[in-house]
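*Asks:* Those protein sequence lines, which keep their order, are chains A and B.
Residue numbers for the first sequence, in our numbering: 71 to 326.
Residue numbers for the second sequence, in our numbering: 858 to 1253.
Hints are not guaranteed to be accurate.
[To be verified] Below 25 Å or equal to it, Euclidean Cα-Cα: the simulated DSS-like pairs (lysine-lysine) are:
#	chain 1	residue 1	chain 2	residue 2
1	A	200	B	862
2	B	1217	B	920
3	B	997	B	892
4	A	319	A	100
5	A	231	B	862
6	A	284	A	302
[To be verified] So these bits of chain A aren't anywhere near chain B, every CB distance computed over 12 Å:
#	residue
7	93
8	248
9	319
Hints in this document: simulated from the structure, not taken from any laboratory.
Each residue gets a CB set at the ideal place from its N, CA and C atoms; glycine is no exception.
As a plain string of letters, each chain reads:
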Amino acid sequence: MSNIAKAFEGGKAFIPFITCGDPDLETTGKIVREMAANGADLIELGIPFSDPTAEGPVIQGANIRALSGGVTTDKIFDFVRELRKDVSVPLVFMTYSNVVFSYGAERFISTCQQIGIDGIILPDLPFEEKDEFLPICRQYGVDLISLIAPTSADRVAMIAKDADGFIYIVSSLGVTGERSQITTDISKLVSVIRENTDIPCAVGFGISNPEQAKNMSQFADGVIVGSAIVRKIAQHGKDSAKPVGEFVKQMKDAIR
Amino acid sequence: MTNPKGRFGIHGGQYIPETLMNAVIELEQAYEHYKNDPDFVRELNDLLANYAGRPSLLYYADKLTKTLGGAKIYLKREDLNHTGSHKINNVLGQALLAKKMGKTRLIAETGAGQHGVATATAAALLGMECVVFMGEEDTKRQALNVYRMRLLGSKVVPVTSGTATLKDAVSEAMREWTSRIDDTHYCLGSVMGPHPFPTIVRDFQSVISKEAREQILEYEGRLPDAVIACVGGGSNAIGSFYNFIGDKDVRLIGCEAAGRGIDTFETAATVNTGRLGIFHGMKSYFCQDEFGQIAPVYSISAGLDYPGVGPEHAHLHDIGRAEYVPVTDDEAVDAFEFLSRTEGIIPAIESAHAVAYAMKLAPTMDKDKIIIVTISGRGDKDCAAIARYRGEDINE
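My request is simple: use the sequences and hints to build the entire structure.
*Replies:* So this is what it looks like as structure tokens:
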């Protein structure tokens, strides 16, 4: 069983996202430990990209703060190596194809395996292009996470059949960011996914409060929250660990 | 092993969010259908002839030729098209296609504003809603074009993210498209982005070389020795090259914006300074740092101020079929002024990059040689910025 599967063993999984190096890696380390202690089952670590085309303004801001703070892929690898000495929660990287490609796909993915990264999410890598990285990911046992969108329609089965780790269900059209309402019929999407694979599915994009999390967790195995957490980090800066930890606890309690 | 769809050698592909995949598949199917549909072809040709003013002239620049004292120079006058640039060729095709697909709204990115103006024009003509994304920096450099778009009934959204230039306008248009797909077509302005855009835009722009080839054969009874065009994303260049690619003796020369020079960081010369990457839906060459962060490029020309290049150009470079040369701000501004004085033609600052290289190349060639230079657009929009470059403040 992959490490990612373990995240979904104890009931509904809560999956927070943060951008590494926002505002600095020391703070990121504190936030990760606090989130893990407060019930995060799997943590998405964003490697910042200069031009994050799938992100709304909140996470774009985090990318800019992190890059202007001088974070690089190498520094994030060192950071995770250090983190793994005492943090056992499953970790996945979320970044853009060019960050992996430019580093050298095999060099990037083999390093992920060495330092204990369990999966990679690339929002600009659809099913048609996944052979760019998938064979190497499978070779090194790093799960390449597939995304399914409200517009996927007849593509859902094809994507689900060949997915690794967990399936990331994009709840809504558009970019990342909090939304007051999620109108996509998630239960219908999940039922098609279920017909084609046994791996867990988690819903993300637009979920910002315990009520939405609870609602979404009825249909899926996990709930992903990014912008609502990143907004707190933007607000609290170096003192983010505690407020983010409290928020994670609230969210996790809501979906238990 | 990578997806063979929409590839030019190793370049191209469809590196976009899953949310957009069915939209580009639908677009590809519609295009494959309509490009051979006699009614569609007739309608488009009618618009090109009677609305855009095609064919554009291939003008023998006698005075320029004699002043430079070398090869004969012909100018392919895309600046004479309706809206003042080659952008209208692609936009009329895409807008008509979008309309056939039942879309009621166009979105577009723009750098210099030429593509935005062309899209706003087509939207007005075909009765469609239009929103144009433009880097905030460019809305200042090209204030006149912002006004033109608004006058045509479009909304202009200034983009403040990143470097607030063309690449950020593309990113923002892509973000907008993922949030509203049903009624909206993303009218991409260059031979870039995910498949099928590089192919669709190239096909619609290839009218430039189709005409130029016929015209030069008529005037000179032979093919040119070189075709020169400026390259940002590369739409007027691929349009100028396309029907000459099979003619191995015709040199194809793309002029990249070197900004303050390719040995500085203030440059946008992608083929000369970039390396292979994946961005904005395609694999191609990009200006980037060692960790794949896209570089904040610079050029005096808002239309060439882009850190990537279309995948077909990347391939033509790889196989050695086309040459990509850097032209600096200084050289382009000199050419802008030189062509204005010599021929009474004010070229867009983008096109002035091509003129600048022709000014270097022509004197090295014999008088019986022939060069075609594509004047991709007119330079009225640039006058205030060039005056500023020369230290003179004028009110637009």
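*Asks:* Each hint should be assessed against the structure and marked as holding or not.
*Replies:* Right, here's what the structure says about each hint:
1. Taking the CA atoms of residue 200(A) and residue 862(B), the gap is near 13 Å; set against the 25 Å cutoff, the hint holds.
2. Proximity of residue 1217(B) to residue 920(B) is assessed by CA-CA distance (about 16 Å); at most 25 Å being required, the pair is judged to hold.
3. A threshold of 25 Å between alpha carbons decides the hint, and for residue 997(B) with residue 892(B) the separation of about 38 Å lies outside it, so the pair is violated.
4. Taking the CA atoms of residue 319(A) and residue 100(A), the gap is about 15 Å. The hint holds against a cut of 25 Å.
5. In summary, the hint linking residue 231(A) to residue 862(B) is supported, as the alpha carbons are separated by about 21 Å, within the 25 Å threshold.
6. For the hint pairing residue 284(A) with residue 302(A), the CA-to-CA distance comes to about 20 Å; that is within 25 Å, so the pair holds.
7. Every beta carbon of chain B lies more than 12 Å from that of residue 93(A), the smallest distance being close to 18 Å; the non-interface claim holds.
8. Residue-level check passed: residue 248(A) sits 14 Å from the nearest beta carbon of chain B, beyond 12 Å.
9. The Cβ of residue 319(A) lies farther than 12 Å from every Cβ of chain B, with a closest approach of about 31 Å, so its non-interface assignment holds.
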